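A.B. asks: This is what each chain is made of:
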Amino acid sequence: MAPNISPLIIFIASIFTSNMILNNFLGMCSYLSVSTEYKTATGLGMAVTLVLVLTTAINWPIYTYLIVPSNLFYLQYIIFIMVIAATVQILEMGMDRYTPDLHAKLGIFLPLITVNCAILGVILFMVIRNYSFVQALLFSFGSGLGWWLAINMLAAIREKLATTKLPPGVKGPALAFIVTGIMAMAFIGFSGIFTIQ
Amino acid sequence: MNFSVILTTVGILAAVSAGLSVIISVADAVLNNYGTCQLDINNGEKLLSVKGGSSLLSLLASEKIFIPSACGGKATCGLCKVGVLEGGGPLLLTEEPYISLEERKQHIRLSCQVKVKTDMKLRIPEELFNIKEFLCELVEVEDMTYDIKRLRLKLPAGESIKFKAGQFVQFYSKPYGKVREEAFRAYSISSKASETDHLELLIRLVPNGIVTTYVHTALQVGDTVRLSGPYGDFYLRGDCEELVMIAGGSGLAPIRSLVYDVIEKGLPHKMRFFFGANTMRDLYYMEEFTQIERDYPQFKFIPCLARPAPEDNWQGVTGFVTVALEEQVADSVSKEAYLCGSPGMLDACIKILKTKGFTDETIFYDKF
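Protein sequences, first through last, are from chains B and U.
Take our numbering: the last position of the first sequence gets the number 235, and nothing is skipped along the way.
Take our numbering: the last position of the second sequence gets the number 1427, and nothing is skipped along the way.
Rather than coming from a laboratory, the hints here were simulated on the basis of the structure.
Keep in mind that this is a model prediction, so the values were computed, not measured.
One should not assume that every hint holds.
Chain U is nowhere near these chain B residues, computed Cβ spacing over 10 Å in every case [stated by the list, open to error]:
#, residue
1, Phe49
2, Cys67
3, Gly81
4, Ser108
5, Ile117
6, Val121
7, Ala124
8, Pro138
9, Leu158
10, Ile195
11, Arg196
So, partial list: chain B residues that the calculated Cβ filter (under 7 Å) puts toward chain U [claimed, not checked]:
#, residue
12, Thr137
13, Ala142
14, Arg167
Beta carbons are placed, not taken as given, at the ideal position from N, Cα and C, and that holds for glycine.
Let the sequences and hints guide you as you build the complete structure.
C.D. replies: This is how it looks when you write it as structure tokens:
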């Protein structure tokens, strides 16, 4: 049975109170490595959001109509990952063909995203929490926006830091971790609104 | 029971992967099919018809035009630059770090990132057409020192290589022993540029080096060796009266080629060749260079031994090359310096050359 929470609340909660990065610390590798420039970070955030919604929309029916009826729970991880990889591959080819401008902005990130843990994470949360299709869609969309928000915030801060005099010990990823930690603490402030986990 | 679980698992996984691969293959055939595209290189100098859908780098390679690339198409080395005048689409974020503002004006792109989707107009430097792949036969191996071998390679009948003295080739090793994969490394050509049907390389055994170990232990006379080249911008500029040449170990290779080039072309440049080694057993080609010194007064050979043994009875310069350089090169007036050797030695020499007035424009080097 799907939980009795309004999809809209799930949507907002997944952006702020259960942010993929700042609350669950998922998708950290690309978050740290592609956050040195605001423009690039925007591209990656957009691509993550797009892929999240798309793969969730495809994996939900696969889970509900294939994995659950045939009792294939022990294979769900492999199946999810294969579906994600195939979807991303086809999405990239399609974008390259029909929207070359968009592909120039987002396409290069798509192979990176295939192995992003936030993507699999959202799908596994969807399974654990028994979301309905609409809930899952809004959850994935919200999680994508949350991830996008977090990487954009970090990128904006890191662009400022790039021109700041820093002690050598904290330069680069070290300070990115510290900044992320402080941002995560700030996001705890949102948890009073409502929680979904 | 267990058996049937394994069977169903394998069956289901196979079915899912097969299903997905069918979908991907269909998508690839439909979405990635750009038909035949025309590549116009250097304003109609070369016209190629290729099947679109892959990267420019790989399509050019399949047409035997080899753009230098070290990373193999991952946009991390930034070497595979070509001019794309038409049909390349917008500059990608992956390329931005490698393409300067000046290059952007000239429509320079990384060929590994540009996908061929339509007819294109390209501009490729003339010398890159020269780069070819050769399947050579190893005809001679000689131990020059305890850790340096000289390889003499014969090009396939009817083929020739045109290179500028000082340039290098890429040498591909085959899988051997525990090494399962092919690997390639760059080696300078040590033979004369006038000899176009043979090549010689000097290869020093690097401890744990994949390719050098292959050369020193697995490779036999008569074997076939795959090479591509020539590459590199380490060649004679000659806009001066005197050439200061400095080499250590197998760095002698390109210098030998350069010296012969100057002599054979009858160029007037004075040459001073500082060759650094540790002990007597690291020296090689001594007789040959002493002979050149006797025959051509314009050439001076200065071998330097850092740690000669007492029984060697060493008459030449004792100490690092830098010592000889300090003493024997007075200033940089009308001189160019050509260096090839280990980074440590090169950096030390460049430092000294700069105190004597040499600049980045008059120092040329090949670090390895």
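A.B. asks: Decide, hint by hint, whether the structure agrees.
C.D. replies: Comparing the hints with the structure gives:
1. Phe49: holds (29 Å)
2. Cys67: holds (17 Å)
3. Gly81: violated (7 Å)
4. Ser108: violated (8 Å)
5. Ile117: The claim breaks: Ile117 of chain B does not keep its Cβ more than 10 Å from every Cβ of chain U (closest is about 6 Å).
6. Val121: It is violated; Val121 of chain B is separated from chain U by about 7 Å at its closest Cβ, not greater than 10 Å.
7. Ala124: It is violated; Ala124 of chain B is separated from chain U by about 4 Å at its closest Cβ, not greater than 10 Å.
8. Pro138: Since the minimum Cβ distance to chain U is about 6 Å, Pro138 of chain B lies within 10 Å and the statement is violated.
9. Leu158: holds (16 Å)
10. Ile195: Ile195 of chain B clear of chain U: closest Cβ-Cβ about 20 Å, beyond 10 Å.
11. Arg196: The assertion about Arg196 of chain B holds, with a minimum of 16 Å to chain U.
12. Thr137: violated (11 Å)
13. Ala142: holds (5 Å)
14. Arg167: At 24 Å from the nearest chain U Cβ, Arg167 of chain B fails the 7 Å test, so the hint is violated.
The structure fails hints 3, 4, 5, 6, 7, 8, 12, 14 (numbered hints given earlier, in ascending order).
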